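Chemist: Now for the letters of each chain:
There are 2 protein chains.
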Amino acid sequence: MANKENRPLPSIDEYLPHIAYDLVIFGFNGKSLKILLLEYDNTSFFALPGGFIKRDENVDDAVKRGLEERTGLKNIFLEQFYTFGNVERPKPEVMRTILEANGFDPKDGHWLLDRFISIAHYALINFDEVNPKPDRLSKSINWYSIDDLPSLMMDHKAIVLKALNVLRNNLENKLVGINLLPDKFTMKELQMVYETVLGEKLRRTTFQRKMLNKDILTRHEKLFTGGAHKAPYLYSFKEH
Amino acid sequence: MANKENRPLPSIDEYLPHIAYDLVIFGFNGKSLKILLLEYDNTSFFALPGGFIKRDENVDDAVKRGLEERTGLKNIFLEQFYTFGNVERPKPEVMRTILEANGFDPKDGHWLLDRFISIAHYALINFDEVNPKPDRLSKSINWYSIDDLPSLMMDHKAIVLKALNVLRNNLENKLVGINLLPDKFTMKELQMVYETVLGEKLRRTTFQRKMLNKDILTRHEKLFTGGAHKAPYLYSFKEH
DNA sequence: TATTATTGTCTCATTTTGTTACAATAATAC
DNA sequence: GTATTATTGTAACAAAATGAGACAATAATA
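In order, the protein sequences belong to chains A and B.
So in the UniProt record's numbering, spot 232 of the first sequence is number 232, and the numbers just go up one at a time.
So in the UniProt record's numbering, spot 203 of the second sequence is number 203, and the numbers just go up one at a time.
Treat the hints with caution; some may be incorrect.
Stated by the list, open to error - Okay, derived cross-link-like pairs now, BS3-like style, lysine-lysine, Cα gap no bigger than 30 Å in a straight line: (1) Lys162/B x Lys174/A; (2) Lys174/B x Lys201/A; (3) Lys238/A x Lys162/B; (4) Lys201/B x Lys174/A; (5) Lys214/B x Lys31/B; (6) Lys31/B x Lys222/B.
Honestly, the hints are just simulated from the structure, not real lab data.
Bear in mind that the values here come from a model prediction, so they are computed numbers and not experimental data.
When you get a sec, could you build the whole thing from the sequences and use the hints?
Modeler: Rendered as structure tokens:
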């Protein structure tokens, strides 16, 4: 089976059946937290980037591969957070529509139309360094703010919400800022990351004291740009 | 294919291939934290209880089913904590040995000898209420203290360690004590649970104050039994 | 009846966090 | 140039949480 451009669908010989992964890729643009979503051609579905596991491939490696294909980035912070395994979660009609819109005509019972469990991961990346590339089945891939998401296919909304929950709980432990900010940043920017992830305002002085006391930041020269006010220091994270 | 007693192996028609679950079932006997392990007949392998997912069954339900079959208990605290998906984790020789020791003779390429990913869960149960029943492939199921485990098959040791880690991180959030203690318990018993899970000693007075301030405990009559000393109160957890 | 070990609570020291205040200062307006 | 403005870094004190020790109460035992 192949589409007009004669590119075949993933073959059951190459991939494990019934097992997929989905990616919630978080980025931060200085104001709000965003995730990458695919839009499929000729359909109204938005979806998380995802993929399948090769028969001789670690799940972790498959996910890294998928992330690199879409963002061009390696060595990204990536964490598995839940495996979604309800019977009703896959929607064969949805998959069929997507495939047909792309010139394929999968037979009933094709493995891609069967039941899938999905091992969901989230990634944290620096917004500015990313140049996302669409899937070969999707017409676009774009950033969407998490408090203004379009409607998502299947259970992808639930996957995003769960990811956000886990991210919030991991905020202190996992040094989330390292992965969402450029190398050097101001205290204000760091605080914005925390506030945006948590979804609440933090007290400036307390936040600043806490971060400085943690002994995880290096202070650099001051940044002589910005507004009509005292210039902030730049900081970077210490080497672990 | 069937063994001497003519019980067939699980059929590929009924179960999803390549997907299994494993259970780390924690219990507490007043002194140490224990987990349930299976011992296979004619082999030296100890293993976590596990199972497969039916084709029309939610993963969660499959796991609940497995837990109930082994402990007789329903409505147990159960949490998925990680999906193990490395290529090298399944050991077909090990599975073959177990099956052969039980009178089966699986052909090469049999689905049970193929690659599996495992969705691992941990359960917290009250030690005293459990009457574990062995698998039909295993000769025994018993409690083993987590600081004195026998050697485990495949990557099951890593699964246990990961479970323990997650449990420790969830200790404050998940009210672990509710599930590991009987309905009524003393402050000392509650402290023992925390100490055993954390693997460290806690200060008695601070622990007591913190627990009482949380407003999660109901105090009952005193318990007039025990040692040559003042009798402790009994406590229970408040309804949600 | 005295002894013993453990429990529940109190007190005070220490640490952490919340809150307010204020001097320093880079850009802008004049 | 000089005053104005908004933001930054930090100090100071208040309030809350935690650490550490002391002690009276008391159920079982000797």
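Chemist: All the hints need checking, so say for each whether the structure fits it.
Modeler: Against the structure, the hints come out as follows:
| no. | hint | verdict |
| --- | --- | --- |
| 1 | Lys162/B x Lys174/A | holds, 17 Å |
| 2 | Lys174/B x Lys201/A | holds, 26 Å |
| 3 | Lys238/A x Lys162/B | holds, 28 Å |
| 4 | Lys201/B x Lys174/A | holds, 26 Å |
| 5 | Lys214/B x Lys31/B | holds, 25 Å |
| 6 | Lys31/B x Lys222/B | holds, 22 Å |
Consistency note: the structure conflicts with none of the earlier hints.
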